[in-house]
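The residues making up each chain are set out below.
Protein chains: 4
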Amino acid sequence: IKEDDEKPLDPIEEQNKKRWVLIRAVLGEMLCTFLFVYVLCATSANFIRLNSPANPVVGGLSTGFAAVALIYSFADVSGAHFNPAVTFATCITRKTSITKGLMYIGAQLVGSVLASLILLATFPGNFTDGKNAAAAVAIAPSSDANIGNAFLTELVLTFILVYVIFAVAFDTVEDSVKTKVVGKSSSNNLTIYTTSGQTKAGFAPIAIGFTLGFLCFLGGSVSGGAFNPARVFGTALVGNNWTRHWMYWIADFLGAGLAGFTQKFFSSSRK
Amino acid sequence: IKEDDEKPLDPIEEQNKKRWVLIRAVLGEMLCTFLFVYVLCATSANFIRLNSPANPVVGGLSTGFAAVALIYSFADVSGAHFNPAVTFATCITRKTSITKGLMYIGAQLVGSVLASLILLATFPGNFTDGKNAAAAVAIAPSSDANIGNAFLTELVLTFILVYVIFAVAFDTVEDSVKTKVVGKSSSNNLTIYTTSGQTKAGFAPIAIGFTLGFLCFLGGSVSGGAFNPARVFGTALVGNNWTRHWMYWIADFLGAGLAGFTQKFFSSSRK
Amino acid sequence: IKEDDEKPLDPIEEQNKKRWVLIRAVLGEMLCTFLFVYVLCATSANFIRLNSPANPVVGGLSTGFAAVALIYSFADVSGAHFNPAVTFATCITRKTSITKGLMYIGAQLVGSVLASLILLATFPGNFTDGKNAAAAVAIAPSSDANIGNAFLTELVLTFILVYVIFAVAFDTVEDSVKTKVVGKSSSNNLTIYTTSGQTKAGFAPIAIGFTLGFLCFLGGSVSGGAFNPARVFGTALVGNNWTRHWMYWIADFLGAGLAGFTQKFFSSSRK
Amino acid sequence: IKEDDEKPLDPIEEQNKKRWVLIRAVLGEMLCTFLFVYVLCATSANFIRLNSPANPVVGGLSTGFAAVALIYSFADVSGAHFNPAVTFATCITRKTSITKGLMYIGAQLVGSVLASLILLATFPGNFTDGKNAAAAVAIAPSSDANIGNAFLTELVLTFILVYVIFAVAFDTVEDSVKTKVVGKSSSNNLTIYTTSGQTKAGFAPIAIGFTLGFLCFLGGSVSGGAFNPARVFGTALVGNNWTRHWMYWIADFLGAGLAGFTQKFFSSSRK
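Chains as they are written, first to last, in the numbering used here: chain A, 10 to 280; chain B, 10 to 280; chain C, 10 to 280; chain D, 10 to 280.
Just so you know, these hints were derived from the structure itself, not from any lab.
Glycine included, every Cβ here is placed at the ideal spot set by N, Cα and C.
Simulated restraints, written as ranges between beta carbons of each label pair: (1) 270(C) - 274(D): 39 to 49 Å; (2) 138(A) - 137(D): 23 to 33 Å; (3) 60(A) - 152(B): 30 to 40 Å; (4) 258(D) - 271(C): 24 to 34 Å; (5) 152(B) - 254(C): 33 to 43 Å; (6) 140(D) - 254(C): 29 to 39 Å; (7) 126(A) - 152(B): 51 to 61 Å; (8) 115(B) - 270(A): 18 to 28 Å; (9) 103(C) - 24(B): 51 to 61 Å; (10) 270(C) - 273(B): 39 to 49 Å; (11) 273(D) - 126(A): 20 to 30 Å.
With these hints in hand, go ahead and build the complete structure from the sequences.
Here it is as structure tokens:
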């Protein structure tokens, strides 16, 4: 509103500010992935200890509630991807630069590994078969599912997730709003989506969070239901379980990429 | 805001744009019905495999969460009916043209059949009694319920669904807003509801999604709880189970039509 | 926007319009109570038939989801009380006239009885001990709870419900908005709360709906957990179960009145 | 809008008004903590009586739904902390004065004790092992968890809660808005967050409420899952169970403080 706000920063100051915004985004992505993966793993470990038949139900509720809360909390900081497949889809549709995408994926993997380590520290004793807590909640395909079943399940689930994210979070930023946001952050590399009630995007964390919730109900008995390679990586490393680990990267990236381009087709106006 | 935006398009360009908006809407309706039916069927198949007593509860949660997310995602593209009974109600209350309504219903049936086929590909082996996955989650009335019970259950459930949709999604578009939307899409055949936080309709996907969720809790033990002929059609075809299939079309359309006119009565201002 | 909209109606026309708004409100209150009570009873009957241990959990989810959807749907028509205790609280705090309050309570009782009758028509056969469906879901205090336990439970639960309703739905209508609404409806008897995203009240149906949801988890094993005399009345009449029926009226009205005055204390500005 | 609204109050009048706003806030904090703790304890006691395996699931749902509703109801009155750890974090980050913080914590403890007493009055008879209702729902670490597990669990859970609260409720009040609010309340001691749909903070009660919900799923089998010393204190006093009571104060305050400063780091603009 005041004129001073609009005046251009001097080049060095602006350079420093851009760097700070990027560093903050990468650290934020690490923190939110850490929290998200911890919530998922701790829920599962807790209900294994409670020996509760409700485990697959509560997994979806916990994931959904946590995603809603964490997306509202970190959307302004990093965009709250917490999933390499999501970051990949934003890269190939040119919403994120390759450099920043790689930094994000690195941060997500570090966050996931830290979450698995804290899991060991917060849960006592050994789980069934002498497993540690991370091994007990590691993700692997079901033994009676063939690789085609599991691969396709992961692909479809990640497709749904990324389609919803793109449709509700990116597609609603109108040109005028975009300009304003870009002008504020001084960087068009950043994927900042607004979370005000003014636009559809205000509800985006609810739509995306609920999606992460119901996706947990669909494929657990087939592929383990990850739709997130970072989630798989943390417990794979700390729990030493690498069963078909490659599949979660290939299938999830494929589903994510497909969703990105499909949504782009539907969002085009063809004027 | 700029004057150029307001200037009329030349007739041929406008014609092409209208056609593109319609094609996109029909394809979008097919995609969102595909995703919605897949989520419903996969949830059920997954919990059959997990042998979980939570199956009827999680069905409602998964349906509710998925509906919220998919309506936010597809409302701008097709209106996100994903149900022939809803499309029928919008036709008889003149919110959708007959031609477009028929195209929508066709797209919904194709989407549902594709979902049932992908279900076969993502789930391994045979279910109880050598059924395939689509047959295992096909919908049919309970054997101890007479046709009157089941018919009335379907009618009441679809009435509730369509009443809520009409009350929260259509009734709140004020005249001034409507004009603007119509001017933008160049077609008054389209049922576009806004999803911004400015109007009650911003919350419409939450209200409608939660409705689809709780409806799953009401009639499963009587009519199978479909309130959507497209949901029934896909698994009927792929799972080869046509038990009382006609009922889901007649009862659901009757309930939907009744709801459309009842809501019209309450929304009239009688000036 | 147009000048014509602002010009005063002639007295007879205005009189007719006020009457129509009132009739519509009373009929709307009947319809929404009918739908709400049907959802509650059908959920319970359905899970009795499914013989599911999830019954007390799903009752809360179904009630919560239904309340969110129905309040968004009927707030503009009748205010969506669907509970005589709520109407009573709005009467004694002068938000509703006595005449209109009595008409509302009558409409709620009729709606509840109709819901119980439709319940008989939609559910097959007899329930345990030869009960009909309405008797099977009728509400009564637990046999091991003394009258003090049950009375206080009902009082506290209704207190919570009414406090939340008053705090989120009525307290946020600012003076300027109120004037506008009153001018539109030509009647200050009507309790219309806005449901746009502009004010806190846009979220009111979510806050109130979730409250109705969690209240179902608190007192079922003590008082039966009604916090709504209309809910109790319908199944009492059709299922012929009048156990301690008076209690639900006295305790719920007491709790509601107490909440109304407590919230008034907190909302006063004491300028 | 009117000029009179803007004119400064005379000093004594303003002094009285500030005092009234503070008294109302402290009483409001007592009432909302009373309601919140009652909901948590009554849910647990009710499902113990129903002998339901769903107890750990329904605890999270009830907590989440209640938090959403109560934060919308009391945000304008007291800020709706209902947790000494939250109040502590607002004190050390200078959002609340020490005096007011101590009054809040006192009010929260009184509210929690009253809730435990009402719990005894609403629930009949004795629970397992002759415990009273408050003792039956008292919180203590699991016997197989060492103090390190339990302490770290409480710390992490409270960290998550406070981080989300700070990120969604405080960080979004822009300077211009803040000034307006302060001018209205005549006190910069008050932490008032707006709950309109205009800003991200309109969704804050949903994000925070869902967080309180999913946190219930994470640590019940280890630390008892309190992340709120007031919740522990009420049932400890009335149920006479002081097992490791100190831990809930130290670990929760530590986690809360850490979260407050971490979020401050991420919210800084470093201009």
